[in-house]
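*Asks:* Construct all of the structure, not just a fragment, from the sequences and the given hints.
Residue numbers (my numbering), protein chains in the order written: chain A, 32 to 117; chain B, 32 to 117; chain C, 32 to 117; chain D, 32 to 117; chain E, 32 to 117.
Treat each hint with caution, since some may be false.
[Unchecked claim] Pairs of lysine to any residue, SDA-like flavour, derived with a Cα cap of 25 Å: (1) C/Lys38 with E/Arg36; (2) B/Lys38 with C/Ser78; (3) A/Lys38 with A/Ser78; (4) C/Lys93 with E/Tyr90; (5) E/Lys38 with E/Ser52.
Just so you know, these hints were derived from the structure itself, not from any lab.
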Amino acid sequence: MEIMRVKDELVCTRRVPGLGSEDLRILESQSGALSVAVDPVGAPAGSWVFTTSGSAARYALKNPETLTDLTICGIIDQWEVTAAEG
Amino acid sequence: MEIMRVKDELVCTRRVPGLGSEDLRILESQSGALSVAVDPVGAPAGSWVFTTSGSAARYALKNPETLTDLTICGIIDQWEVTAAEG
Amino acid sequence: MEIMRVKDELVCTRRVPGLGSEDLRILESQSGALSVAVDPVGAPAGSWVFTTSGSAARYALKNPETLTDLTICGIIDQWEVTAAEG
Amino acid sequence: MEIMRVKDELVCTRRVPGLGSEDLRILESQSGALSVAVDPVGAPAGSWVFTTSGSAARYALKNPETLTDLTICGIIDQWEVTAAEG
Amino acid sequence: MEIMRVKDELVCTRRVPGLGSEDLRILESQSGALSVAVDPVGAPAGSWVFTTSGSAARYALKNPETLTDLTICGIIDQWEVTAAEG
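*Replies:* Here it is as structure tokens:
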């Protein structure tokens, strides 16, 4: 699982039906790359989370047919940026 | 899911049968790399989209046996390049 | 799907049974990295192709139990290197 | 499978139900990137391990429905950092 | 499939049961990164091989429940380092 930071919500009205109405978040990786994840835990902007990818990303949701390849798994209780840089 | 920009259509007459007649798009990633995706939402060139990969890319299509590993999931309503660079 | 160029054939007599006698090609990515793909479309050296990876790579073949993770999906009709560099 | 070093435990009280109460570890790759893995073998901090990813990461656990995409497979008996750098 | 060179065996007595007693090899990628693969073909150190990843890595073995995500598929008959560098 990857460690990422929630940057923002993603507003996207025109989407494939298979994504349902899941909340989407823009995440920033440790190297600064941005990606989009489904958020089943309600992670606020700025929090550090870890994500699961691939087929596990679908099983992490109530509806396992949701067409995601990246899902937030949990909010990290405490994360020091210095740890990521060390 | 990755955030990418639609660059062009891809014309490809000689393809494996499993791709059917799906529309193909050339996408550009945030780092400038090019890849090819199936487009079920009709994204025009220049628009910002997000894509799903792996097995989810197949399930995003009406025919889940289409042999894609990258499918456009939705068009982002608003995307500022500065956000991607910030 | 990734855009790659066919560089050469790959001669490999000692292989796992699950690969059958599929034609193997050495492909070069846009960044110059080399990889090996199964070629069901008969792409000549020098041509630009796009490839599918992961489980879709297996389904692209007549025998979906072939043990590939990269399969050529089609030959691109026209590809300008400048487009890849632009 | 990737070769990584155990850096620390990950404390995360708010997580998706599918992760159960599995032990989570922060791992550091050879290039210094951090990620999170489920640890079924009890690897102490500082030890070198190798990990499996993708769907195999789930099957490596007693409960194959655990929503991980990275699982520690084993502890390497002896690993010289110089080998990784050579 | 990726092209890699066999560097060494991997000794690992403490491993998850799902790996069985498969032979493990340390492989070096073209860019010098090290990873671990299951070796069903008996590739000697120094030889160039190509590997399959993801779910195909499991199907390449006699026991498809082996928990690998990287398996050696075959030994390349002839590989010139200059080809990899060209």
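*Asks:* In ascending order, which of the hints set out earlier in this document are inconsistent with the structure?
*Replies:* none
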